[in-house]
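**Student:** Each chain, written out:
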Amino acid sequence: MTGTFYINNEEKILTFEGGDILLNTLRKNGYSEVKNGCHEGECGACMILLDGMPVNSCKIFTAAVIEKKITTVGGLGSIHEPHLIQKAFVEMGAVQCGYCTPAFVLTTHALLNSKPLPTDEEIKDALDGILCRCTGYVKIIDAVKLAAQKINAHE
Amino acid sequence: MKNISWFYPENTKEAVELLQSQDVLLHGGGTHLSGKKLSGYHKLVALHKLPLSYIIQEKGFIRIGSMTDYHTIAEKLKQLSPGHILSKSLSRAATTPIRNRITIGGSLYLAPNWSDLTGPLLALDAEVELEGPTAGVYSVEDYLVNRELKEKTLITEIIIPDMSRESWYYRETRTENDQPAFTISILVQKEKALINDVAIAITGHTGRFMRAGTIEDRLRNRPLGQIDLEGIANSLDIKFAAPHHGSSGYLQHTLAVQLERGLTELLKL
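So the protein lines, in turn, are chains A and F.
Taking numbering that gives the first Met the number 0, the leading residue of the first sequence gets 0, the next gets one more, and so forth.
Taking numbering that gives the first Met the number 0, the leading residue of the second sequence gets 0, the next gets one more, and so forth.
Only chain A is shown next, with the shape it has when bound in the complex (with noise of 0.2 Å):
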């Protein structure tokens, strides 16, 4: 089956089959920037954003989200041109495999949308989805708060 989807602002029209999976569909059309984890909805790793809410990709049905408006790490930022969530988790040391760093920083992007200045708490219930093998989380927690600086300082 066909689907439009409206990836990174941009209308792709993608073919894939009725059971699979949005992970692989978004993978097989080059966004390797969402990574492959545990297909279990467990790491995060996986992460996009769905009409702006941070998601799971591996548990969704790419046929259920023909229409939808899909974000990867990729549409926010590049490494030429780098996002100011992204800029903030270079500056605060918060990555080191970077496995998990898309996921963060599109999670902490759909964060700092609803709520600007996020409490700790609120951070780490928004990060609560995705694990972080390398870092121990303290810097990526700094990382958010550097970013929310940032941004409402550039608006």
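I should point out that these hints are in silico values taken from the structure, not numbers from a laboratory.
Some hints could be false.
To give an idea of the chain A side of the interface with chain F (calculated C-beta under 8 Å), a few residues [said to hold, decoys possible]:
| id | residue |
| --- | --- |
| 1 | Gly18 |
| 2 | Gly43 |
| 3 | Met46 |
| 4 | Ala62 |
| 5 | Ala63 |
| 6 | Glu121 |
| 7 | Ala125 |
| 8 | Asp127 |
| 9 | Ala152 |
Where is the CB? At the ideal position from N, CA and C, for every residue including glycine.
Go by the hints and put chain F onto chain A.
**Tutor:** Chain F alone, transformed into the frame defined by chain A:
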């Protein structure tokens, strides 16, 4: 994976018609369905185009469309009814990305033993509206015990009495994101030093769910000064069969401690 045909009804009538054929599964958007669970099914009906994502507070009720996700419910209820037990329970279920997908209708249909939805709905005396062969409004308890009500029907709405009650919710887990071994939901309505009403629901045990009627009767219409909570859980006949969470005896004891703790906190004893 075998091929599956998808259907996208735009109103409940279409959805119910599709549901009457063979080998059809409804897909609300949650995370329950996976490849292996689709064996024997060839048609999936996606419900996301139905106009069933809403929360309305009117005429003494809160009405929640069955396609409303956990995150939306938890956030909206925080505004509509601060301290609402459903906001407390659903904001702690699973994780943020999962809460953004789980729908209240799908969750009630599945009603797993670890549900953070079932207990609060039972304590709230919630009702469920169905479309299909057994269309109508039923108590959540009836829906959960009567398999006929689930056959070929579509949940369209959850209806909750909009009453001002203090609430307490507990989920027994070892880590925050665990599925709970059991849950306790308590609602209390007090007037001065008198308990007007109390509702207690316990889920996760071998009986799946229950209202703790004997304890409710012992507390209802009693002055706070006459309440003695010691051993209050002794009247409960509850067993557990989830050894990965601990033995039945351990969970029974934990349940008793937490129940007493919750009541103490709510009644300010």
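**Student:** Each hint should be assessed against the structure and marked as holding or not.
**Tutor:** Results of checking the hints against the structure:
Below 8 Å, beta-carbon pairs count as interface contacts, and Gly18/A has one with chain F at about 4 Å; its hint therefore holds. Here the hint on Gly43/A is kept, as its CB sits about 6 Å from the closest CB of chain F, short of 8 Å. Look at Met46/A: its Cβ gets to within about 6 Å of chain F, closer than 8 Å, so that hint holds up. The criterion of a C-beta within 8 Å of any C-beta in chain F is met by Ala62/A, whose closest approach is roughly 4 Å, and the hint holds.
Interface restraint check: Ala63/A against chain F, minimum CB-CB distance 5 Å, threshold 8 Å, status holds. Because the closest C-beta pair between Glu121/A and chain F is about 11 Å apart, greater than 8 Å, the hint is violated. About 6 Å separates the beta-carbon of Ala125/A from the nearest beta-carbon of chain F, less than 8 Å, and the hint is met. Evaluation of the Asp127/A hint against chain F yields a held restraint, the C-beta minimum of about 5 Å falling below 8 Å.
With a cut of 8 Å, the hint placing Ala152/A at the interface with chain F is violated, because the nearest CB-to-CB distance is about 26 Å.
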